[in-house]
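Chemist: Just so you know, the sequences run in chain order A and B.
Residue numbering for the first sequence follows the numbering used here, starting at 30 and increasing by one per position.
Residue numbering for the second sequence follows the numbering used here, starting at 30 and increasing by one per position.
Since the hints were derived computationally from the structure, they do not count as laboratory data.
Just to be clear, a hint being listed does not mean it is correct.
It does not matter which identical chain is meant; a pair holds if it fits inside one copy or across any two.
Stated by the list, open to error - Calculated pairs, SDA-like style, for lysine to any residue (alpha carbon to alpha carbon, straight line, at most 20 Å):
| hint | residue 1 | residue 2 |
| --- | --- | --- |
| 1 | Lys306 | Ala283 |
| 2 | Lys306 | Ala279 |
| 3 | Lys441 | Pro240 |
| 4 | Lys164 | Asp104 |
| 5 | Lys129 | Met192 |
| 6 | Lys306 | Arg334 |
| 7 | Lys441 | Ser376 |
| 8 | Lys306 | Met275 |
| 9 | Lys306 | Ala177 |
| 10 | Lys164 | Arg107 |
| 11 | Lys164 | Met30 |
| 12 | Lys255 | Ala279 |
| 13 | Lys378 | Ala409 |
| 14 | Lys306 | Gly339 |
| 15 | Lys129 | Arg334 |
| 16 | Lys164 | Val423 |
| 17 | Lys433 | Ala177 |
| 18 | Lys164 | Arg108 |
| 19 | Lys129 | Asn418 |
| 20 | Lys164 | Gln260 |
| 21 | Lys129 | Arg256 |
| 22 | Lys164 | Gly96 |
| 23 | Lys164 | Asp101 |
There are 2 protein chains.
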Amino acid sequence: MRITDVKITPIAVPDVPLANTKGVHQQVFLRAILELTTDTGLTGLSETYGATRTLTGLENVASTLEGLDPYDLSDLRRRVEAALPDVGGVNGPTALADHKLVDVVYGAFEIAMLDIRGKEVGRPLYDLLGGAVRKQIRFGGYLFYKFAKQDLTFGPDIMGEVMTPDALVGQARDFSDRYGFQSWKLKGGVLDPDLEVETMLKLREAFPDHPLRIDPMGAWTVSTAKRVVTQLDGVLEYLEDPCRGMEAMAALSAQIDMPLATNLVVVEFEQIIQAVKADAIQIILSDHHYWRGATGAIQLGAMCRAAGLGVSMHSNSHLGISLAAMCHVAAATPNLTYDCDTHYPWSTKDIVTGGRPQFQDGALPVPDGPGLGVELDHGAVADLHDLYNQAMVVDRDDTDEMLKYIPDYVRKVPRW
Amino acid sequence: MRITDVKITPIAVPDVPLANTKGVHQQVFLRAILELTTDTGLTGLSETYGATRTLTGLENVASTLEGLDPYDLSDLRRRVEAALPDVGGVNGPTALADHKLVDVVYGAFEIAMLDIRGKEVGRPLYDLLGGAVRKQIRFGGYLFYKFAKQDLTFGPDIMGEVMTPDALVGQARDFSDRYGFQSWKLKGGVLDPDLEVETMLKLREAFPDHPLRIDPMGAWTVSTAKRVVTQLDGVLEYLEDPCRGMEAMAALSAQIDMPLATNLVVVEFEQIIQAVKADAIQIILSDHHYWRGATGAIQLGAMCRAAGLGVSMHSNSHLGISLAAMCHVAAATPNLTYDCDTHYPWSTKDIVTGGRPQFQDGALPVPDGPGLGVELDHGAVADLHDLYNQAMVVDRDDTDEMLKYIPDYVRKVPRW
Numbered sequence: 030m031r032i033t034d035v036k037i038t039p040i041a042v043p044d045v046p047l048a049n050t051k052g053v054h055q056q057v058f059l060r061a062i063l064e065l066t067t068d069t070g071l072t073g074l075s076e077t078y079g080a081t082r083t084l085t086g087l088e089n090v091a092s093t094l095e096g097l098d099p100y101d102l103s104d105l106r107r108r109v110e111a112a113l114p115d116v117g118g119v120n121g122p123t124a125l126a127d128h129k130l131v132d133v134v135y136g137a138f139e140i141a142m143l144d145i146r147g148k149e150v151g152r153p154l155y156d157l158l159g160g161a162v163r164k165q166i167r168f169g170g171y172l173f174y175k176f177a178k179q180d181l182t183f184g185p186d187i188m189g190e191v192m193t194p195d196a197l198v199g200q201a202r203d204f205s206d207r208y209g210f211q212s213w214k215l216k217g218g219v220l221d222p223d224l225e226v227e228t229m230l231k232l233r234e235a236f237p238d239h240p241l242r243i244d245p246m247g248a249w250t251v252s253t254a255k256r257v258v259t260q261l262d263g264v265l266e267y268l269e270d271p272c273r274g275m276e277a278m279a280a281l282s283a284q285i286d287m288p289l290a291t292n293l294v295v296v297e298f299e300q301i302i303q304a305v306k307a308d309a310i311q312i313i314l315s316d317h318h319y320w321r322g323a324t325g326a327i328q329l330g331a332m333c334r335a336a337g338l339g340v341s342m343h344s345n346s347h348l349g350i351s352l353a354a355m356c357h358v359a360a361a362t363p364n365l366t367y368d369c370d371t372h373y374p375w376s377t378k379d380i381v382t383g384g385r386p387q388f389q390d391g392a393l394p395v396p397d398g399p400g401l402g403v404e405l406d407h408g409a410v411a412d413l414h415d416l417y418n419q420a421m422v423v424d425r426d427d428t429d430e431m432l433k434y435i436p437d438y439v440r441k442v443p444r445w
Numbered sequence: 030m031r032i033t034d035v036k037i038t039p040i041a042v043p044d045v046p047l048a049n050t051k052g053v054h055q056q057v058f059l060r061a062i063l064e065l066t067t068d069t070g071l072t073g074l075s076e077t078y079g080a081t082r083t084l085t086g087l088e089n090v091a092s093t094l095e096g097l098d099p100y101d102l103s104d105l106r107r108r109v110e111a112a113l114p115d116v117g118g119v120n121g122p123t124a125l126a127d128h129k130l131v132d133v134v135y136g137a138f139e140i141a142m143l144d145i146r147g148k149e150v151g152r153p154l155y156d157l158l159g160g161a162v163r164k165q166i167r168f169g170g171y172l173f174y175k176f177a178k179q180d181l182t183f184g185p186d187i188m189g190e191v192m193t194p195d196a197l198v199g200q201a202r203d204f205s206d207r208y209g210f211q212s213w214k215l216k217g218g219v220l221d222p223d224l225e226v227e228t229m230l231k232l233r234e235a236f237p238d239h240p241l242r243i244d245p246m247g248a249w250t251v252s253t254a255k256r257v258v259t260q261l262d263g264v265l266e267y268l269e270d271p272c273r274g275m276e277a278m279a280a281l282s283a284q285i286d287m288p289l290a291t292n293l294v295v296v297e298f299e300q301i302i303q304a305v306k307a308d309a310i311q312i313i314l315s316d317h318h319y320w321r322g323a324t325g326a327i328q329l330g331a332m333c334r335a336a337g338l339g340v341s342m343h344s345n346s347h348l349g350i351s352l353a354a355m356c357h358v359a360a361a362t363p364n365l366t367y368d369c370d371t372h373y374p375w376s377t378k379d380i381v382t383g384g385r386p387q388f389q390d391g392a393l394p395v396p397d398g399p400g401l402g403v404e405l406d407h408g409a410v411a412d413l414h415d416l417y418n419q420a421m422v423v424d425r426d427d428t429d430e431m432l433k434y435i436p437d438y439v440r441k442v443p444r445w
């Protein structure tokens, strides 16, 4: 069985102005949809980042994949490394996180190859990862401060402006009604830390039994983070990336008992060892998109178990192929015991058939069809590819977008 | 696809009196041969330790495996843990190495399940581990001081007494002629360290380009090991388990530049982290028999890469099923860059069809048939099971056997 064709389709998906410490989500988010075809007539799907850097990387590798055996992940790795020499961070050399493009591109194709293998043998993808320890995947509600959407050219708003603690609790109530989430994560680093603390305390009051997290994406100094930890003692399940960099996280960790999670300071396997030596973090966020695919995410789980670290799951804005892959990885990662992140409710589109999956009590069943267990809605892909061409957005720049809402916005790290 | 039957056959294989710091090999070594059958008519093979403790563990688990899906490694793990609560080291609670019985029993069944999966899909086992980065597996010649065999009841001797540096070099020449090995490992801890140093220097003289290793199995104090390191500076590729325990290895490592390898102080994933923190070792020996099967061995490779550690491969006395599994694991472990250990040349029997594999320049091709790529010679298994019943050896005790050759032998740790 050999790969005979690779199709990569960039798409743009209507987004809403969700705020973070870098700025705010643009009118569309970008994804790349991959379709790999074999000489045996099978098609493997995948979904990953759609910005220029990833897209170019995917395209450069795609032209070298003819004849690849979908079982030979090592050969895929070799081809990716050969086609992408000397690359830096996927967000550019100045990016906060050094998400290596090689890992991202490898991971994208790996998912499609595992999809093919699962289809060939009539098995769900999780069975190729060691089997499912859970069939229901629990997601947490991902809460954002947000602006009211100004320009509705590419799609409607969802829930209008949410820029106060009370409005944020309202957002949670809305998500609770619609999806039944059993835990909440707030994207922080947007308002003054005192307001974000107030938000978390009001969430606690409104949802006494829901585990709560906040992720300011490194926006706080160590002393600010320490103050927040004191104010939220006993309130948070864990605190995600309060400070920027391994040193700052280690300095904070040494002064507090609250578990620290990260998807910024540990994004490479080598950094797990560094973090353990520095005692900088207690929980790592898994993500097959940049942790070397599904097999890399499984290895991450094994390494965290060995290192005594917890595992949670990270999300970027995504659609149903990524959602399915996330479910399979979560199903096959025994120590992924926290509710997964997902941006999924912040979009209304999808590119898989059968309609958008419905959360029940915040959970989704892992698809049990062969491979990923999803099929492509080619019409929907074509529509969103048209939007990609119309929107003329080819890179993500939340800071630039922020200027539409706050004309004098200046990004600062740390901000408070 | 479900497991419908599990057959476990203990066998005894004629051995020769190879010396180590514990004592000497008994007249036979013990293995367990596993045959798992599915409702689809497939059979999966495996081979592991055959002493009482492992055998009892295998049997206790076997009775709980009916209905197991060969893809569901997590379910296997659950069943093994449920059937073997509160077990200690596989060599007994006072054993030097805490090879957990759960991992050993899990690993044995996992290999058989992967064999079944490979056969179902018509793929060599390495393809289920991510693909082969090499198809020729290089083995090092495993050299032993040894006695002339006294009792030939269960089988002939191989090469008579080898108890001097010159005789050991003769053994290497013999192995070189027969198997073409391109590197040598000496099981040390047997003679006075000065004689073992002399042996290594004479090996270097006789084989100027062969990488050399010595493994005294923790027989030396830190100061003795340091003296040996000085004497063998520039001669050894690495030094394996010179001292007993993580602390001693760390103390030695801090004083020397020579890489230290181990299969004794790091036998659990958690110990990799401990060893990295203590900077105690530079190379870990992989072994699917106790590193949680083939998938565990692959995870070990990934963890070593992340931790900046090298990977080599450990061997116990074994036959052709284990040899095939070792080849598949080595093929799929990219950073297993050292020649693998194997005791295989020290036996003349096998339980696979097609005759004993022939080493070419010290290497073997990884079998490319479905699954493990080996088939069971049922007659040979029956013969060696008869020998198991005749020999009345059910546990390994090298120290007790040593009394036949050195009546006043007392095991000491460390010895020098």
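Chemist: Taking each numbered hint in turn, which are not upheld by the structure, reported in ascending numerical order?
Modeler: Going through the list in order, the structure violates hints 3, 5, 7, 9, 16, 19, 20, 21 and respects the others.
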